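**Student:** These are the residues of each chain, in order.
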Amino acid sequence: MRYIPITDQDIQDMLKETNLPSIEALFQSIPSSIRFKRDLALPMPYDEMELARHAQQIASKNCTSPTFDTFIGEINYQHFIPSVIDTLSSHPSFYTAYTPYQPEVSQGTLEAIYQFQSYMTHLTGMDFSNASLYDGATATAEALYLLTTSSNKKRAVISSTLHPHLKEVIKTYAKMRDIEIEEIHSNDGTIGIHDAQNKLTDQTACFIVQIPNVFGLLEDLKPLYGQLAEKKIKLVVVILEPMVLGAVLPYDPSKVDIVCGEAQSFGMETCYGGPGLGFFTGKKEFIRKIPGRIVGKTTDKEGREAYVMTLRAREQDIRREKATSNICTNHALNALRATIYLSTVGEDGFKAIAKENIKISHYAVDRIEKETLFQVPFRKPFFNEILVKIPTPHTHEEVIRKLFEKNILISKNNIGQFFPYVGESFVISFSENHHISQIDNLILALKEVLS
Amino acid sequence: MTVKLLIESSKKGNSGIQVPLKSQFPDIDLHQTFPSEWVRESIQLPNVSEPEVVRHFTNLASLNYGVDSGFYPLGSCTMKYNPKINEKLAGLAGFTKTHPLQPDFTVQGNLYLMMHLEQLLAEITGMDAYTLLPAAGAHGELTGMMIVKDYFKHKGEAAKRTKILIPESAHGTNPASAASVGFDIVEVKSTHCGGVDVSHLKELINDQVAAIMLTNPNTAGVFETDILEIAEIMHKNGSLLYYDGANLNALLGQVRPGDMGFDIVHLNLHKTFSTPHGGGGPGSAPVGVKEYLREFLPVPVIREKKNQIANETAQSNSIGMMRLAGANFQVLVKAYLYILAMGSDGLKKASSIAVLNANYIKEKLSPFIASGVPCICMHECVLTAKELTVYGIQAKDISKRLIDYGIHPPTNYFPLIIPEALMIEPTETESKETMDHFIEIMKTIIQEAKENPALLTEAPHMTPISRPDEVKAAKDLNVTY
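Note that the protein sequences, when read in sequence, are chains G and D. Under the working numbering, the first residue of the first sequence carries the number 1, and numbering increases by one thereafter. Under the working numbering, the first residue of the second sequence carries the number 1001, and numbering increases by one thereafter.
This is chain G alone, in the form it adopts within the complex:
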C-alpha cells in the first residue's frame, strides 16, 4: 500500500515470530458490543492523479489573484513572499521533525527559533520573545490570563478600537475565568482618552490596545502612560500587522509590558486564516510566567555553543494543572518562515517594504478621497489600511457585489455592524504587492460602483 510498507507476507512473518494468532486478536480488549463492524462510509480511495484533480477542482471554486485584485487586510495581509521561504521551509528536516525535545538532533529548529526570538524582541523593543503561539488573538488571550493571574485582579480594560474578532476572542477567554472586560468608548477612531481616564482604575489588571487599530489608525498612548503607571496597570499592545514596525515604533517600549499579536505578514500566505503566527514578547519580569516554548543558548559538555528549550518548568507536561498555559504544539514552522523572511529582507529591506506600504496606501487613500464619493472618516496617522465609508444610500453588500463584477475583492466585514456610528463601511488594505495599475483600476471601479 502507498503509505504502508508492510506486505501480507510481512504480516504472516511478524505474527509467526511473535506467536500472535492474528491481528484481530490484538483488538480483543475492545468490547465486542462497540467494535465497528461495517466499513466507514468514505469515498473510495483516490490515487495520486485523482487527488490532484479533485484538489484542483475544489481550489478552482475560490476567487483569488491573479484573476482578482484583493484589498483585504484587518487580520491577515497579502505581502510579497520571496521564493527562498518556500524552498527553505519545505526542507523535510524542518517540516517532518517533532518539537525539539532532543536538542542533539534539533539544533536546526532550535537555532532558527533563537533567531526568531531575537528578531521579534528587536522589532517590538521588548526584552524577550517566546517561540510562537497559534495566532494574534490567542496570544492576546494568553496575555490577559497571565496579567490577571499575576496581579490577582479580575478586571481588564480594552479599547473599543480593537478588531471585533480580537474582541470576541478576548471575551470568550475572559468569561471562562469570570474576568470582567470593560470597553473604553470613542467616536473619533482612536482611544477615547477621557473615558479611559475614568475606567482605568487600580482594580484594572491590564489595558489592551491594538496598533494599528481596527480602523487602520496608529493609537497615541502618550497621554495614558502616567495614569497606567500610577494605577499599576499593565499595558498590552497587540499588533496584527507587524510590518508597521519597519517604519515606526508607535509606543514607548519602556512603558509597555507585553507586545503580542499576529506575524502572518512575515512570509506567510493568508491561506484562509491559517496557519498564521502568534507572537508574544514582553518585559523581563514576566519571563518565568509566559505561555509557550522558549529557546535559550547554552553550552554542551565540551563547552560548544548549543541551543535548548528552557524554563520548561512553566509548561504543561511538567507542571500539569499549575502550568502557566496549556499550550503544547505551537506554530514552529511558521516561526521558521518568519525567521527566513526577516533574514532575507534584512533590516534595510524591511524598512523599505514598510515604507512602500505607507507610500502606496497614502497615494491610494488620497485618490479615494479626491476622486470618489467614498469618504475616509478618520484621517489620522495610518499604515497600510484605513476605514472607508460608503455614501448613503449604498450598502456594503452592494459594493461587494459590484466590485466583484469588476474582479475586485473587499472585506466581508461591514465595520458599521460593529461600530454603528460609522455607518456602512469597510477597511481597505494595501501592500507593496499592489501595482500602480491595480490602484488605477480600483479608483475607477470605486467611481463606477456608485454611479
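It is possible that part of the hints are untrue.
As the list claims (entries may be wrong) - Distance ranges between label pairs, derived from CB positions: (1) G:T18 with D:K1202: 34 to 40 Å; (2) G:E369 with D:N1307: 39 to 45 Å; (3) G:R367 with D:R1303: 37 to 43 Å; (4) G:P391 with D:Q1032: 27 to 33 Å; (5) D:D1104 with G:R367: 26 to 32 Å; (6) D:D1128 with G:Q57: 24 to 30 Å; (7) G:S254 with D:Q1032: 23 to 29 Å.
What the hints assert, rightly or not - Derived lysine to aspartate or glutamate pairs resembling EDC-like cross-links, with alpha carbons at most 20 Å apart: (8) G:K402 with G:D440; (9) G:K412 with D:E1312; (10) G:K222 with D:E1037; (11) G:K289 with D:E1470; (12) D:K1443 with G:E17; (13) D:K1349 with G:D10; (14) D:K1012 with D:E1050; (15) G:K37 with D:E1123; (16) G:K380 with D:D1027; (17) G:K283 with D:D1476; (18) G:K171 with D:E1295; (19) D:K1088 with G:D47; (20) G:K16 with D:E1363; (21) D:K1011 with G:D348; (22) G:K171 with G:E182.
Stated by the list, open to error - To spell it out: a stretch of chain D is covered by chain G in this simulated footprint if at least three of its residues, at any positions, have a beta carbon under 8 Å from a beta carbon of chain G; those stretches are: (23) 1067–1080; (24) 1321–1327; (25) 1406–1414.
The set of hints was computed from the structure by calculation and includes no laboratory data. For clarity, every value in this text was computed on a predicted model and none was experimentally measured. Every residue gets a Cβ at the ideal spot worked out from N, C-alpha and C, and that includes glycine.
Based on these hints, arrange chain D on the given structure of chain G.
**Tutor:** This is chain D only, laid out in the frame that chain G set:
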C-alpha cells in the same frame, strides 16, 4: 557545533531583496507623516544576501532529524509519514491566496472542503457535529472544556459542577486545559495497565463532577476495557466524557469514540491524519460533539443553505470565537486529502498495522527489556529501563545512545506512572526491516549498558553537539542576541 547566526554575517549594503525597491509611488517623509519620536532607526535585523540565507538555513536543516530522515518512534506523537502530494496540493494558489475575510460566495471551494471534512471526521469518530477551528491539541482541549463549562451554565449547574476528573497517567495538557478555564482537577488513580481505577472513580464521583478527560488507548498504550462502565457511571451522574484524540491512530475503523460513549472529542490532524508536525506545529485539532452539544460549538460554524455554503456567526449558545479567523486551513487540506487517499480499508489497515508493529517490537524485545505494562498494547508499547538502573543507566541514556545509531529516541519518562519509561510508537508507515534494525540496535545498546555504561551516559557521541547544559540555560538565561 552550531551554525553562525546570520546577524554575525551582516554587512551594510547586503539584502536578499532588491533595495531600494523600484517604487511607482510618490516618496513620503516619515517624519512628516508620523510623530518624529516614532520613526525607527536601527532594528538589528541582519543584512545578508540571498545565497547566504539559503546556505544558513540549509546548514541548519542538516542539524535536524525528521520522519523523512529515519525511524522516529516517539510515543504519543504518531510520527507517521507525511505524504508529499498533500504538501503540494495544500500549496495550490487557489487555496493559499484566499483571505479569511473574503465574502463567502468567493470561497465556496474552501467551504466545501471544510464542510466535507467535518462529515468525514464525524463518520470516522461516530460524532454528530464538528468544528475545525482549534489550532492544536491543547487548543482543542480548551475548546472542549469551554463547551463543558457553558453546557452546565446553560443547565444552571455551573456553580455546582466545578470538577474535572483526570487519570494520573494523562497527558499534561489535560489538567492544564481544564484548569485554564477555571475547573478544579481531581486525579483518578490508574491501574497497572494505565487505565482508570474504576473503584476509585466510584469514590470520586459526585454531583460536583462536570466531566472526565480520557485518552483511549490510554497513555500506556492499552485499550481502556472498562470504558462502557466508566461511560455509564459518568452519564448516570449527569457528567460528560471528553476524548483526547492523541491515540486515535490505534482505533481507526476498529471502534469509534462516539460509540464508546464520549460526548466531546478532539483529534490531532498532525498525528492521526498524517499532516507534518513542522518541528513544533502548526497542528490542527477539530473538536467533535454529540448532537445535544452542537449549539455550544465555537463560531463561525459552516452551514449549507440554498446551494451556498456559509460561515454562520449568529449562534446564541456558542462558546464564542476561539481565534482571529478561519482555521489552520492548510493543515485541513492535507488531512482531507489523506482521508480520501486512504478510504475505509486504508484507515482500517493503518490502525491494524500500527498495532501490529507496536506489538511486534514489544514481543521481540521482551527477552531483553521489561515491558512497563503487563497488558496487550495497542499502537505503542511502553518499556521500562528500571532493571538497567543498577548499571547507572536511565531511560534517557538509552535514548541518547539510539541517536548515535541514527534513530530518533522514543518518548521518555511518560506516562509518569511507569518508572524509567521508554514509550515506542512505530506507526504503520515503517517497514519490517526498519523495525528489525531498531530491535537489533536496542539489543546492542542493552548489552552496552551492561558492559560499558559510559557509552550510554556520555551519548550521543556522533552529533554536532553533545548533551547541552540545561541548568546553565535556565540560570544564565540567553534567549535573544
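**Student:** Next step is simple, just say for each hint if it's right about the structure.
**Tutor:** Status of the hints after comparison with the structure:
In this structure the supplied range 34 to 40 Å holds for G:T18 paired with D:K1202, their Cβ-Cβ distance being about 37 Å. Distance hint for G:E369 and D:N1307: a CB-CB separation of about 40 Å, consistent with the stated range 39 to 45 Å. Separated by about 39 Å at the C-beta atoms, G:R367 and D:R1303 satisfy the suggested range of 37 to 43 Å. For the pair G:P391 and D:Q1032, the supplied restraint of 27 to 33 Å holds, since their beta-carbon distance comes to about 30 Å.
Checked against the given bound of 26 to 32 Å, the beta carbons of D:D1104 and G:R367, roughly 30 Å apart, stay inside it. In this structure, D:D1128 and G:Q57 meet the distance hint of 24 to 30 Å, their C-beta atoms being roughly 28 Å apart. At roughly 26 Å, the beta-carbon separation of G:S254 and D:Q1032 lies within the given 23 to 29 Å, and the hint holds. The straight-line distance between the Cα atoms of G:K402 and G:D440 is roughly 17 Å, inside the 20 Å bound, and the hint therefore holds.
Proposed proximity of G:K412 and D:E1312 is supported: the alpha carbons are some 13 Å apart, at most 20 Å. Between G:K222 and D:E1037 the alpha-carbon distance is near 11 Å, which keeps this suggested pair within the 20 Å criterion. A distance of roughly 18 Å separates the Cα atoms of G:K289 and D:E1470; the hinted pair therefore holds under the 20 Å criterion. Restraint check: the Cα-Cα separation between D:K1443 and G:E17 comes to about 17 Å, which is no more than 20 Å; the hinted pair holds.
The hinted pair formed by D:K1349 and G:D10 meets the criterion: a straight-line CA distance of about 14 Å does not exceed 20 Å. Distance hint between D:K1012 and D:E1050 is fulfilled; the C-alpha atoms sit about 14 Å from each other, no more than 20 Å. Taking the CA atoms of G:K37 and D:E1123, the gap is near 13 Å; set against the 20 Å cutoff, the hint holds. Taking the CA atoms of G:K380 and D:D1027, the gap is about 19 Å. The hint holds against a cut of 20 Å.
For the proposed pair G:K283 and D:D1476, the alpha carbon gap of about 17 Å is at most 20 Å, so the pair holds. Straight-line distance between C-alpha atoms of G:K171 and D:E1295 comes to about 18 Å, which keeps the hinted pair within the 20 Å bound. Only pairs whose Cα atoms come within 20 Å are accepted, and D:K1088 paired with G:D47 is accepted, the gap being roughly 15 Å. Under the criterion of a C-alpha separation no larger than 20 Å, the hint pairing G:K16 with D:E1363 is consistent with the structure, at around 11 Å.
At most 20 Å may separate the alpha-carbon atoms for a hinted pair to count; D:K1011 and G:D348 meet this at roughly 11 Å. Of the pairs offered as hints, the one joining G:K171 and G:E182 holds, with about 10 Å between alpha carbons and a cut-off of 20 Å not exceeded. Requiring three or more residues with a Cβ within less than 8 Å of a Cβ of chain G, the coverage given for the segment 1067–1080 of chain D holds, as 8 such residues are present. Here the segment 1321–1327 of chain D counts 7 residues with a CB under 8 Å from a CB of chain G, which clears the bar of 3, and the coverage holds.
Counting residues of the segment 1406–1414 of chain D whose beta-carbon sits less than 8 Å from any beta-carbon of chain G gives 3, enough to reach three: the coverage restraint holds.
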